[in-house]
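*Asks:* These protein sequence lines map, in sequence, to chains A and B.
Note that the working numbering numbers the first sequence so that position 191 is 383, with each residue one more than the last.
Note that the working numbering numbers the second sequence so that position 224 is 231, with each residue one more than the last.
Be careful, since some hints might not be right.
What the hints assert, rightly or not - From chain B, some residues computed to sit far from chain A (all C-beta separations above 10 Å):
no., residue
1, LEU13
2, ARG59
3, ASP82
4, ALA95
5, HIS133
6, THR168
7, ASP221
8, GLU243
To be verified - Here are a few chain A residues that face chain B, going by a calculated C-beta distance under 8 Å:
no., residue
9, LEU194
10, TYR261
11, ALA273
Treat the hints as calculated values from the structure; they're not laboratory data.
Since we're looking at a predicted model, the values are computed, not measured.
Just so it is clear, CB atoms sit at the ideal spot from N, CA and C, and this is done for glycine as well.
Take a look at the letters that make up each chain.
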Amino acid sequence: MLLLAFDTATPAVTAAVHDGTAVLAESYEVDARRHGELLLPTIGDVLRAAGVDKRELTAIAVGVGPGPYTGLRVGLVTAAALGHALGLPVHGVCTLDAIAHQARREGLTGPFTAATDARRKEVYWASYDEDGTRTDGPGVDRPGDLTPPQRSVGAGALLYPETFPGATGPEHVSAGALADYAATELAAGRELLPNAPLYLRRPDAQVPAGYKAVLPA
Amino acid sequence: MADEPLVLGIETSCDETGVGIVHGTTLLADAVASSVNDHARYGGVVPEIASRAHLEAMVPTIQRALDTAGIKATDLDGIAVTAGPGLAGALLVGVSAAKAYAWALDKPLYGVNHLASHICVDQLEHGRLPEPTMALLVSGGHSSLLLSSDITSDVRPLGATIDDAAGEAFDKVARVLGLGFPGGPHVDRTARDGDGKAIAFPRGLSASNDPAYDFSFSGLKTAVARWVEARRRAGEEVPIADVAASFQEAVTDVLTRKAVRACKDNGVDHLMIGGGVAANSRLREMAQQRCDRAGIVLRVPRPGLCTDNGAMVAALGSEMVRRGRTPSAFDLSADSSLPVTEVHVPHTEFHAHAHESLR
Ligand SMILES: [Zn+2]
Chain A
193 MLLLAFDTAT PAVTAAVHDG TAVLAESYEV DARRHGELLL PTIGDVLRAA
243 GVDKRELTAI AVGVGPGPYT GLRVGLVTAA ALGHALGLPV HGVCTLDAIA
293 HQARREGLTG PFTAATDARR KEVYWASYDE DGTRTDGPGV DRPGDLTPPQ
343 RSVGAGALLY PETFPGATGP EHVSAGALAD YAATELAAGR ELLPNAPLYL
393 RRPDAQVPAG YKAVLPA
Chain B
8 MADEPLVLGI ETSCDETGVG IVHGTTLLAD AVASSVNDHA RYGGVVPEIA
58 SRAHLEAMVP TIQRALDTAG IKATDLDGIA VTAGPGLAGA LLVGVSAAKA
108 YAWALDKPLY GVNHLASHIC VDQLEHGRLP EPTMALLVSG GHSSLLLSSD
158 ITSDVRPLGA TIDDAAGEAF DKVARVLGLG FPGGPHVDRT ARDGDGKAIA
208 FPRGLSASND PAYDFSFSGL KTAVARWVEA RRRAGEEVPI ADVAASFQEA
258 VTDVLTRKAV RACKDNGVDH LMIGGGVAAN SRLREMAQQR CDRAGIVLRV
308 PRPGLCTDNG AMVAALGSEM VRRGRTPSAF DLSADSSLPV TEVHVPHTEF
358 HAHAHESLR
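Bound conformation, chain A alone (with noise of 0.2 Å):
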């Protein structure tokens, strides 16, 4: 197996190559307003590091949200772009299941809540419990209106020290750790998410009030 994956949901601009046993090679950079420039030359920048032709590639992993809209539809137009022009599946995996499985890794354990910054003083959110399977969300809510859980990761928790004390880093999602937990869940036979986005919000669309006088009343 050969993946390439990419994240767009956080401010992180992410890819890695995956071999299906280890990472090969992994770009991170934090530049939350630069996704669509960043993004085409960072997968074209691990690929060479990983020393791995884009022909060779077998499948495409892509984290598909929560997160603002604007940076997350370039990953995902991307995967869909690259999958079609390249003749691959590209299989979605939630952002925050993508950080939950790079902090276990990185020893944490215990039930835990994983929350990135949704803004608008909201956060997007998911629970986990001791094995690392999700149990509650995604979801998005003012940090205000959630339990506060005992352990939480990520940049909306961080935020938010009321409402997620003692909470740690992964800040953001990393491609190397997207990739490995896409690798392991293929492995294992389940099956990943489509390439479509998690939204949780309607867009934001007013309706015009009506139309306006313009003779004085």
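Fit chain B with the ligand to the supplied structure of chain A, relying on the hints for placement.
*Replies:* Just chain B with the ligand now, with coordinates in the frame of chain A:
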């Protein structure tokens, strides 16, 4: 013809996901997925709804275009995409997709200007553009007079709207009259039963000391609303068809008068009209009459090519390849306010250095 470039163009600047494939100046496919119906109840394009629709439609629309053209993606000589101007989030979906296809297929990428594409699309209908060409672009997003001596490198803005775009005025007047969205086709249809001389609506920026090539449609829009409201308040029936026709007459009168004047002043004998409003039947009719009188050759693409589409982007991309223009780099960004003078966004050493220093 055999050596003409085969180029795929992607357009996502507003609410249409357009994918076109052209071979030189021959149109092979023009696939469009529109989210216009999702916006209708809001009375305008909702950016987030448009962006979501672009993501869903992108790959199926590309496949549809390839199937229609009867080619494989590997046959292409280049991938072109609208880099701007337009809605930032919507543009980004198309730019990201174009980069992925270009990179995966090892094809040159051309980030091009939406307005220049609107001009270049006429090559698919009437053959290569004369140089120079005067262009009048009118749509819901733009109202500009542009002079181009080379559609791949030199587009000069002579004038533009100082407030609303012409298409916006159509939308607002349609709303005042209780017609549907988008307003252009509804007003056009309604106006056919009306008298364009029934009501003397104002012609914006038409005094002798006003800027010769700029437009203003805000005052006209307000005048129409006032006129209609006054009628309604007096309990009188509003002659909808006459209002629509008279409003349309005022818009087309100003647009065509200024466009013909720009041609004469600059010694240009070809006028092209593009953009969604170029589909308006009265505009086409009046432009033809005035151009004929002034000895100017009028070029207006068929309505389907006037609105936003991928074919126009492919047409300009194909011209970029043919003239050996420098492709864009893979760090190409979507620029919602890309100036019309930047016909395409080439990769340059300067940009590369500026990019490095930002890191
Ligand atoms: Zn347009």
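*Asks:* None of the hints should be skipped; say for each whether it holds.
*Replies:* Verification of the supplied hints:
For B/LEU13, the shortest C-beta to C-beta distance to chain A comes to about 16 Å, beyond the 10 Å cut-off, and the non-interface label holds. The non-interface label for B/ARG59 is inconsistent with chain A: the shortest C-beta to C-beta separation is roughly 6 Å, within 10 Å. With 10 Å as the threshold on Cβ separation, the claim that B/ASP82 sits away from chain A holds: the shortest Cβ distance comes to roughly 13 Å. Not every C-beta of chain A lies more than 10 Å from that of B/ALA95, the closest at about 7 Å, which undercuts listing it as non-interface.
The non-interface label for B/HIS133 is consistent with chain A: the shortest C-beta to C-beta separation is roughly 33 Å, beyond 10 Å. The claim that B/THR168 is not at the interface with chain A holds, since no C-beta of that chain comes within 10 Å of its own (minimum 19 Å). Under the 10 Å C-beta cut-off, the non-interface status given to B/ASP221 relative to chain A holds; the minimum distance is some 23 Å. Residue placement check: B/GLU243 keeps its beta carbon more than 10 Å from all beta carbons of chain A (closest about 15 Å).
Violation of the interface hint for A/LEU194 is found here, the shortest Cβ-Cβ separation to chain B being roughly 15 Å, above the 8 Å cut-off. The interface hint given for A/TYR261 is met, as the beta carbon of that residue sits about 7 Å from the closest beta carbon of chain B, less than 8 Å. Because the closest C-beta pair between A/ALA273 and chain B is about 4 Å apart, less than 8 Å, the hint holds.
Of the hints listed earlier, those the structure fails to meet are numbers 2, 4, 9, in rising order.
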